[in-house]
Each structure stands twice: as C-alpha cells, then as structure tokens.
Amino acid sequence: MAERTITLEVFRYRPDKDKEPTFQSFTVPFREDWVVLDALNYLKDQTDGSISFRWSCRMGVCGSCGMMVNGTPRLSCAAFLREYYPGPVRVEPLANFPVERDLIVNLDDFMKKLKAVKPWIIRKEEKPVSEGEYRQSPAELANFKQFSMCINCMLCYAACPVYGLQPDFVGPAALALAHRYNLDSRDEGQELRKEVVFSHESVWECTFVGECSVVCPKDVDPAGAIQQEKVAGALDLVKSVLMPWGSR
Amino acid sequence: MAHVHDILIVGGGGAGLRAAIAAAEADPKLDIAIVSKVYPMRSHTVAAEGGTAAVIKENDSLEDHIKDTISGADWLADQDVVELFVKAAPAELIQLEHWGCPWSREPDGRVAVRPFGGMRIERTWFAADKTGFHLLHSLFQTSLKYESIKRYDEWFVTKLLVENGRCQGVVAIEMQTGLIQPIFAKAIVLATGGGGRIFPFTTNGAIKTGDGMALAYRAGVALKDMEFVQYHPTGLPGTGILITEAARGEGGILVNKNGYRYLQDYALGKPLDVNDPRHPQLRTMELGPRDKLSQCFMKEREKGNTIPGPYGDVVHLDIRHLGEKKIDKKIPFVRELSKNYAGIDPVYEPIPVRPVVHYMMGGVHTDIQAATSIPGLYAAGECACVSINGANRLGSNSLTELLVFGARAGRNAAAFAKEQGKLDTAVLEAQTKDEQDRIRKNFLTKTDGKERIATIRTEMNSTMEVGAGIYRQEGPLQETCKKLAELKERFKNVTIDDRSNCFNTELTSVLELENMLDIAEAVAHSAVNRKESRGSHQRTDYPKRDDENFLSHSLAYCTTGAPRIDYQKVVITNWPPAERTYGDTK
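Chains as they are written, first to last, in the working numbering: chain W, 2 to 249; chain A, 810 to 1395.
Worth flagging that the hints you see were computed from the coordinates, not collected in a lab. For glycine and all other residues, C-beta sits at the position ideal for the given N, C-alpha and C. Zero decoy hints are in this set.
Covered, in the sense of this in silico footprint (three residues per stretch, anywhere, with C-beta under 8 Å from a C-beta of chain W), are these stretches of chain A:
#1 850-864
#2 918-925
#3 940-950
#4 1254-1268
Cβ pair distances, simulated, as ranges:
#5 W:GLY133 to A:LYS1079: 32 to 40 Å
#6 A:ALA900 to W:ASN71: 44 to 52 Å
#7 W:ALA140 to A:ASP1233: 58 to 66 Å
#8 A:ALA900 to W:ALA143: 23 to 31 Å
#9 A:LYS896 to W:GLU189: 27 to 35 Å
Throw the hints in and build the complete structure from the sequences for me.
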C-alpha cells in the first residue's frame, strides 16, 4: 500500500523579500501519531529549511508552538494530523498578533501587559525566609491553582474578538494571572493591581464571549477569572458609594 | 548603540532567573541583563515535573540528604559542595514559596513532601507534577518586579568575548533583525541548561543543544564529567516525553511482559504488595536510583522480557491501583501526557515506557563558587558541573541545584562586577567583527555547501546512542569518536536554504548543531577514557568501579583536534567511598 499523505498549507511571509503573505502547499507523510509540529519539522528538515516557527518542549507545557490550525488557535504539538485527515491542514500564525515571519508572531504587547498586572506576590511586610513558609491550606491553594496553570501560549489572545478589535485590551491571560495573585492567600497586592485590572481597557472591555476559555489548552478559564474580577470591581464600586469612609 | 551591562546572564531558565534576582538583590544599582534564545517562560525548566529536594520535615536531616546525594552520585560528587548545597537548599525553597510558587500542601498548610528515587526519606517538595513549570513561572514573574533586570529575548549567543584573560561579554544574533551584535558586561553567568538533543531519544526539548557548554569549551574552559549522561527509566516511546518519577513515588510499579516486577531480580530489594501500607519503600525497587533502573531495563530486554512496540521495546509503568482520584490530584500531568501522547488512560491501562536520555551530570567546570577558570565567567544549573551529581543525579536534586547555585553565581558575579573598572569595548569590537565574518562566511554567504543539517544531526544522534548509550565498551565508543570527527569535518560543508535576516531559524539550527557536535565529542572521548563502571557510565569491558584510578573528575579541553582529557581528584571530606547499595539499607 502506498504511504498515506496529507497536504499542509503553510502561511509564508518573509519580510526581507515578500510584499504579501502567501500560502505554500506541501505534501507530507500522514502518520497516526504525528502532530502538526511533526509535519512542520519534517518539512524543515527534508524539504525547505526556511520555514520558520517556534517550538521546544513538544509536550504542551512551554507554550512556544501556538498557531492557527484550520482557523483555530492550537498548540501545534498537541494538534494531531489525524484530527484533520484527509486534509488539507492550513497553518497560519496566531490571529490578532503582528506577524514577524511565517508562523512567528510578535509578543511584545503581551510581555508589556503581563508586567503591567504585577504578577508577583506583593506584601506590606515581607516575612524573613528564616521564619519558614507561609501557611496555606489546600483549600486556599485550590482557590487560585487553576489560574496559575497559564503557559502564556497566547491562544486565548488569538481567540479573543475584543483583543482583535481593541488591542489595548489587557486580555485574558494577563487578567487571569492578575486574578491568580489576587486570590493567593499570601498576597496583599489587590489594591495595587486595581489600576490596571479595573481600567477602561481591562475587565470591563470583556464581552464574555468565552472563546478564551474554550481554546485554553490548560483549562485555566480566563473568562471565569475576568467575570470574578468584574464582580469584585462592581462590589468595590458599590462599597465606595455606600461606605465612602473605606471598606477594605 | 553599544549594549553594556554590569552582569550578563546567558539563559533565562531557572538558574538564569535565580542568578538575575540574586544579583539584583545584592545591589539594586547593578545593571543586569538576561540574554536568551527563547522567552524565559519557554526555557526547559518548564518541563521538570516531579519535584525539588530540601530538608524541611522534622523526621529528616541534612546528613541524610548529603549521604543520599553522595551515594546516588556513586561517590563522584565533591563532598564540600554537596554539603553546602544541602545546607542552602531549605532556604532557597522557602524563598520560592515566598515568591508565590504554588507548592502542594499538608492539611495544616505546611508544604507537603513526597518520596523520590534514591532518597531515604520523603523530602521532595512538589507542585502537583508540574513543579518545574511553577518554579519557572514564579521566578520569571518575580523577576519582572526588578527594574534593574533587562532582557534580550530571542537573542542567540554565538561567542564569549574573552580579552586580557577576562570574560567581558558575548556576541549574539538578534533573531528578529538578524543583526550580529556584541553585548558587553563585567561579569557573565552561563545558565543555558543541558544538551540532551545530542541523543536521538530524549526528554529534552528542541532548545537543549548544549550552547553554553560549547561556548565555554571553545573559550578554553574544561567540560567536566561529560561521560555521565542520565537515562530516565520512564519515557514514552516515540516522543521521549517524560513520565515523572513521582508516578513511582506515589506508588506506581514497573512490570515486564509477564506482569512481573522485574526490579526484584537486580539487587534493589523485595517488592511489597501495592496495597501494603509500607509500599512504596524508600531506596527500594521502583524507588531505586535512575541509573540502576535504566540498566535493569536493558538487562530485561536482553532476557527477552520486554514488550515489543512500534518504537522499540517497552515495559509497563502501572499506576492503576492508585485510583482516579489520587492520580488526578497528585500526578494529573501523567494522565494528560499519557492520554495525549501514548493514547492510553493510565487510570485504566498501564503506561508503556522505556529509558530515555534526560540529564547531563557533566558540564562547564566550575568551583564551589560557581566560577569557571576564566575570571568573570560563572556557570550554574545543568550547563555547569559544580559536582553535586557525580556519576548519577538523584531525582529532585536538579531544581534545587539551579536555585542554590544560580543564586550563588548571581551573587558572586555581582561582587566580581563591582570590582571591575570600565570595559575597553574597542578591543572587544574587533573580536566581534571576526565573529560576524565567521558566521557570514561559514553559513550565510557560503555557496558550495552540500550537507543538510538534518543529515548530520541524525547521524550524530545515532552514533551517540550506539556508542555512548546505557552500556558502553571500547570498540563502539572508538567508532563513535571516529564518526564524530568525520561529522565535524562534513559540517564544514554544511548548507542552509535560508539566507534571510528576520527569524532565520535555520541559521540558529546550524549553530546549535555546531555546538552539539562539540559537546558530543567531549562526551564520547571522556567515556572512552574512563575505563571503569560508575553510576550512569557502565562499561561492559570494565564492569567494576575503580576508585584507585578513577575517583576523579574528567576534564575535557578543546583542541584543534580531538579533545584532551585530564583529571582532577574528587573532594572527599566525611563520607569515604563505600559500596553503593539499595533495597534493604536504611
């Protein structure tokens, strides 16, 4: 029996020489246990070394290899060719991001937003290391654990219609991380994160389409995090009206 | 505009980030930069699963952690360094707790510990089975609060700038533009991780190509103990994806094709029933050290007791008796990975596994201060060999190592940088020019190349497995050395399709291959020269450990031909070499 194959349509754009992006079709062997990333690596090794994409761990945890696969944001190391058989499989750079080249997008915007939400433990007073760990019950851990699972793969930004229209929107992953720290029993930084979390470009922009949570490969549920922050923000507003002398 | 800093850290994984934070805390006035070929959160620390060791519980002792580490290392660890490491470990992990790492907890809110291979007591802190992921993200996110830490994300370092006997910077390719530029600094820390990709079947991600090791090696620093390559006993066939040792720490068992717990035939103690409350027993059976468990697999295969599969023989890692609830709570990633990449749900079926290249005990030769032989150049983490792991690293010591020695390298680099005057960048610019010319001439403008990257890489992978795998002997090792010399020669004739500037990932691939060929040679030649069996280095032609001749670290030096191999005595303080036993010792 002849070896089965599948067609890969790869988005190509090399700023040095291409005015416009194009799609290039390649035929690759179809293997049951191959993921889209395997097919791309096959092409890079055997056919055209100039195809550019990011990848590393190939086990769904480093977050490098996100791309659009047939129009949906996926980790290419977790998208099996068999899901798309008989093909074709169209691979494009993540939507909503500026394209650098081929399947590589520019992440500068996210890196700025990540820093802006202050994703670190903020304490009024640091406890010296010599005094040991902070106690945190399994229930307190469970409170934020889910939101700490974000691998920064950017699939949620690629799926978010608000981010597509409104690039200032802080966005799902960064807000989920802000929420993660706000919920951490060791943290006292909620007030300091307010400025960003409750800003005009932040939680209030989210129209709760929920696509971010659908595409998240780690079940972080950024949409849920944003809704919970909205509730906190609304309560805060109510309190500030009812109890102007201070409530928190 | 020239890029000038006080301290430059090459690599943004656990060790690099810890070094950066330590330097920033040592003196907020210091100008610190991290340069990495990937964004920090993509670094391979992210893939570590099971946990990280430090003495925290009342029933544990520093002495026991030291003894476990030294015997695990088959006495090739420097004991002064191990002692320092074990003593510094608890504070480092508590510090990480204060920085937000979501450690798994006891009901009373204290951090929980789990058993791990080769440890005589439960001392492995864990964040479910994504410990490395949480450790890396906690460190990276914490690093963002220090304004003095700058980053060069996606810059690929190609050379160390050494002038007047001092390391004063690097040359790097800014991947976005393709510009080849110098970054100057008064002190440099290498934290680039391991090089498992020299082998065909590895848990290591694509980026683990031994870059920092190769940079230091070419600059004249020795690579120490490179023959010691750890095979993890439980990787998924085909992909090599790691199934954490925590699966066994939680009670998982290894069985052969007859459903028999074969480890009992190899001096690792007697099995207890999986329902016995004393199972799993520490330092026994499935909780033996990684080198021995991987060797047992090979012996079972020789006996015909392994299970044939599409990607070679496997044995079964069975965790079904743990039940769905415990699996989902303690080792959820094991389930996720098994389902996605082995097509089985370990709640209902055993996981097919085989040994897989996981970790390099060897690396850039440093002293106890994390300093190399070149003033101003430090190294930490897997890319370094400070000598706590010796001939075999114990699971859960590596994450602790990158914290302890990352911090130490950062602080020592800070102290060194403060003593230095202004850099003479004019001389360094000349060196930079030479490096720019080399990269252009050898790769970007060369027209007569014939060899594809993938061809050379595949042949290198294959010869490493044949000659320098779990069991080694003179003949095949010599063949591997010869083959590597041939591949290095053929590399001069390599060609790339891509001549463009923006994100030329083929150019970085070819530079990675060049690095891998260098470190592969150091591995193979160090292995030929070590005519004994110790830890992960097993010579069928020299099956015994030979303390008389080889209680020494190998040091591989770069020459124009084959590496020159030298030796340095192991530091023995309070724990004289003894027989390494598992199974019934306490």
